[in-house]
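Given the structure of chain A, go ahead and fit chains B, C and D onto it with the hints provided.
Chains as they are written, first to last, in our numbering: chain A, 1 to 269; chain B, 1 to 269; chain C, 1 to 269; chain D, 1 to 269.
Every clue listed holds true.
Because identical chains share one entry, a pair is satisfied inside a single copy or across any pair of copies.
Below, a list of computed lysine to aspartate or glutamate pairs in the DMTMM-like style, where the Cα atoms sit at most 20 Å apart: (1) LYS245 x GLU167; (2) LYS245 x ASP178; (3) LYS180 x GLU99; (4) LYS262 x GLU56; (5) LYS236 x ASP171; (6) LYS70 x GLU93; (7) LYS236 x ASP164; (8) LYS70 x ASP90; (9) LYS187 x ASP124; (10) LYS262 x ASP59.
Keep in mind that the hints were calculated from the coordinates and are not lab data.
Protein chains: 4
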Amino acid sequence: MSAFRIGVLVAVCAALCAAIVLPAARPALQAQDSLANDPKLVEDLVYANRILYQQEVLDGFGHVSARSDKDPSHFLMSRSMAPALVTSIDIMEFDRDGEPVDARGRNAYVERYIHAAIYRVRPDVKAIVHSHSPDIIPYTVTGTILRPVYHVSAFLRLGAPIFDSQEGFGDTDMLIRDNKLGDALAKVLGNSGVALIRGHGFVAVADSIPIVVYRAIYTQLNARVQAEGMKLGTIKYLTPGEAVKAQAIVEATVGRPWELWKSQVGKIE
Amino acid sequence: MSAFRIGVLVAVCAALCAAIVLPAARPALQAQDSLANDPKLVEDLVYANRILYQQEVLDGFGHVSARSDKDPSHFLMSRSMAPALVTSIDIMEFDRDGEPVDARGRNAYVERYIHAAIYRVRPDVKAIVHSHSPDIIPYTVTGTILRPVYHVSAFLRLGAPIFDSQEGFGDTDMLIRDNKLGDALAKVLGNSGVALIRGHGFVAVADSIPIVVYRAIYTQLNARVQAEGMKLGTIKYLTPGEAVKAQAIVEATVGRPWELWKSQVGKIE
Amino acid sequence: MSAFRIGVLVAVCAALCAAIVLPAARPALQAQDSLANDPKLVEDLVYANRILYQQEVLDGFGHVSARSDKDPSHFLMSRSMAPALVTSIDIMEFDRDGEPVDARGRNAYVERYIHAAIYRVRPDVKAIVHSHSPDIIPYTVTGTILRPVYHVSAFLRLGAPIFDSQEGFGDTDMLIRDNKLGDALAKVLGNSGVALIRGHGFVAVADSIPIVVYRAIYTQLNARVQAEGMKLGTIKYLTPGEAVKAQAIVEATVGRPWELWKSQVGKIE
Amino acid sequence: MSAFRIGVLVAVCAALCAAIVLPAARPALQAQDSLANDPKLVEDLVYANRILYQQEVLDGFGHVSARSDKDPSHFLMSRSMAPALVTSIDIMEFDRDGEPVDARGRNAYVERYIHAAIYRVRPDVKAIVHSHSPDIIPYTVTGTILRPVYHVSAFLRLGAPIFDSQEGFGDTDMLIRDNKLGDALAKVLGNSGVALIRGHGFVAVADSIPIVVYRAIYTQLNARVQAEGMKLGTIKYLTPGEAVKAQAIVEATVGRPWELWKSQVGKIE
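Okay, chain A solo, but in the shape it has when bound (with noise of 0.2 Å):
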C-alpha cells in the first residue's frame, strides 16, 4: 500500500474516532467548568456516590449531595440513577427550592427535597447523604434511639432523633417527594448530624463531603453493634463529654479513611 493511501485510511479512522470520542468529552469539560469553582468539589463528589455504594451504605437506592461553592443557596447532586454508576457529567444543579437548574433532559431524584429543605435551614451544612441502610430500619420502626457506643461514632451525640410521615401527613408513600415533607423532616432533624426517618431509612449531614460520607458508614456500623450490645446487656453510651471529645479528635483524622476509601474505589472512567 502506498505511503498516500495510508495516509487517507489513518485519516479516516482519526475523523471516526473523534467524531465517536469527542461529543462525550465536550459534556464533561462543560460540566466540570459551569458547576464549582473548586474542581475537586464535583470529583469528591462522584467519589463519596462510588465509596457509599462500596462501604454498601447505598444500593440502587438513596443519593449524595454537596452545596455548591459559586452560589451558597444551590446544591449539587448527581441525576435519578444508581450511585454505583455516577459520573461527573451525571452530576446536576439544583436551587433552593430543590428544582434543576439546568437538566438538559436528565430525572432528578424524587426526593431531593431532603437535600434541598436542610440545605435552606442550616447553613452550616456542606454535604448531605440519604441511605435506605437496613441495619438503620429495625431503629425507625421500633422507635430504638441510636447512639454512640463508641468513639468512632461520637458524633451521634445524644441520638438520632426519628421522623414519622405518619405525624402530620397521615398514609404516603414514605418518600419526601416535596418540600412540605422536607422542611418537617428538617424540623426533626434540629442540630443533630443525623436523623432516622421511619419505615425509609436515614440521612446524615456534615460540613465537608468526607465527614458527610464518614458520618453515614459509622451510622450503619453503630446501628449493628448497639443492636448486638443490647443483646448482650446493658450498655454504657458515650457520656456527653467523651461525645464532644472523641468527635472532635476522631474527624480530625477524616483524611485518613477516605484516603482508603478512595483508593479502594480506584481510578473511575
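For chains B, C and D alone, kept in the frame of chain A given last:
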C-alpha cells in the same frame, strides 16, 4: 500486498469466523425464534437467573419463570440446572400442566408445578420466582408473618401467607412435585405477591420479570430487617394505606435497580 | 548468533526446564497410580477440600477424607496443611489405625483418628468431613440439639448427638488425638450422619464425597437458620416421616450443587 | 549479531534495569538495614498489617507492632496510615516512651502509647495488635466477659479484662494518647493475652507476630460465637485445664494458618 491477496485474506477470515460463530449461534437463534415473540423475554429471563444468584436469593436450587407471550397458557423456564449457569439455550417451554413442550432430552425442574399452578389461577401474573432463602425459613417454621417493615417491601401488604404441606398431605418430601400440591400452594397464595412454604422457602409473583426479581430480593431483605426489629422492640409496620402508595411508587422505578443488577452480572457468554 | 550456538542455548534451557519440572511431576503420577483404582476418587477428594474452603466450612483447620477403594480398611486424606491449598500430590494413605502408609516425610493431621475410628465401625461410610464451623460451636457448648429446619438438611433426622471430651477424659486439649478418643466420638455418632463436638466443631459422614460435602455445607446453614428461628418463636421441625422422604430426594440430586461448586473452584493447578 | 553488539545490548539492559530498580530498592534496603537484625521481622510486620486488614480485624484504623530485636526497649510500627497500604518503607522505630527514633517527617499513630506501655511492663511480649473490632465493642460497653468458647481461642483463658478510661480519667476523647493512659491500660491487661477497651476496641499481645495476629483474629471470632451461644442458652466454657492444654497445642501449629493468610495477601508491591 496486492488487492488479490487482500481479498483472499478477507475471504479466509470470513470463512473462519463463520465456521466458529454460526454453529454456536444457530441453536440460540432457533431457541430465540420459537420461544417468544419478544426477544427480550428470553434475555430478561436469563438475566433474572443470573441476578437472583448474584443477589444470593437463589443458590444451587430455586428457579424463575415467565409466562409465554406466544401462548399465555404456557410458560418459559430453564431446564433443571443451577441458575448461576443458565443461558438462553437452556430455556424450555412448558404447557399449562407444567409438562415440557419440546424437551429434546433436557430435564425439567421437579417443582415446575409451583409455576404451572399459579399461572393457571392468576391471569395477572407474568413471572414467578421460587427460592429456598435461609432468611425466610425461620418465618415459615414459626408461623411468623412477614410484613412490610419499610417502603421498599410495601408489596408484602398485609403479610405473606404460609403454606404447610402437612395440612392436607401429611408427611411428604416437602417438594411441590405435582399439580395437586401446586394447586394447594396457589390457593394459599391467593391474590398476594408472596407466599411462604413451611420448611422449604418462598414464592414471589409479579406482572413482569424485573418486578418479580425485585420482589424476591426485597422479600429476603425484609425478612432480615424484620427479624432484627423484632429483637429491638415492637415494630410499627407500614399501614395498609402507606403500603398501597409506597408499592406503586417504588415499583414504577424498578428500572433503576434492574439496570444496576444487569450491569453487575455483565455480559452473558 | 550461529545455528549451532542457538542449538546449544535451546538444549541448555530444555535441560534446566526438565530438571525443574520432572521431579515435581513424577510423584504426582506415582500418587495417582498407587492410591486408588478409580482416578476420580483422588480428584474428588482434592475438589472436596477446595469446595469446603470456598464455602467457608473449613478455614485453615479441618479436613476431609475418603475410604480407599483399593483396601477398604484404609482411607485417603491430605497431609497436614490448609485445605485451600491441597493438590493431588498432598493426598496420603492411612491404615485402619490412622497411621500413614507411605509418609515420605509428610506430616499427618493430629486428628486423623476421627476418621480412622469412624471408618472402623461404620462400613456404610465412605467419606468424612471434620470442621470447626463457628456457626456450630454455640450448639456444642449449650447442649442445643441441631435438628432439620428445612428439607435441604433433612439428613439431620432426629438431631445431631453431642460428644463432650470432658465425659470420660476430663481436661484434655480438646483434640481427638488418639484412637481412644476417636472411638468415644464414633460411639456418640452412632448411626447418625452428623455429630457435634463440644467446644470444637462437628463431623459429617456419608457414603460418597459429594454427599458428605453437601451435608457439611448444609449442617452449617441449618445451624444459622435454626438459631434465627429459635429467636422468632417455637420451631416446627421436619417430622421423622418428612425427613426420611426429603433426604432421599434431595441427596438424589446432589450432582447439581456438586457440579456448581466444582465450577466455582475452577481448574486446580 | 556480533558478540560486540550482544555485549552492548546486555550492558544497556543492565543499566536500564539498574536505573529503574535501584532507586526504589535503596530506601527499602536502608530501612531493612537499620531497623532489625532479623530481616524477616520487618517483613512479618508488614504482612501482619495486610493480613489483619484482609481478615477484617483492622479497617482504616488500628495498628500492629513488634519489639525491636536490636534494642529490646524499642519497638517497630508503621507510620500513621491505613494498615491495608503499609509497606516496609513505612515501618518506624519507637523508643521506650513511644517517641519516634528517626521520624524523617513521618507522623506516628496517636495511640502508640498502648504499645509503649505494654512493652515496658511485659518483657514476655514481642508483638501487639490494637483493633476497633465491631464484634468486640458490645462486650466492652456491657461489661460482658469474653471467655474461650472453643479450643482455637483458648488463649482467652479466664476471660479478657475490660479497661474503662472513665475510671481515673473521667471524660476523655477515648484514645490512649499518652503514657499515663497507656500505663493504666497495661495495668488492667496484667498477664492476660487480651484486654478490652470500653467503647473503643481491644488489644492483643503475644511473644511473636504470627501468634499475636492469630490471637487478634480469633478474639474477634470468639466474640461472634460467644454472643450467638449466649442467645441459645448457658455456655459451658473451656475449663482452666482445657484452656492451658488447648492453647499450647493450637499455638504450636500457628504456622499453618499464618502461611495460608500470607498466601492470601500474596506478594506485596
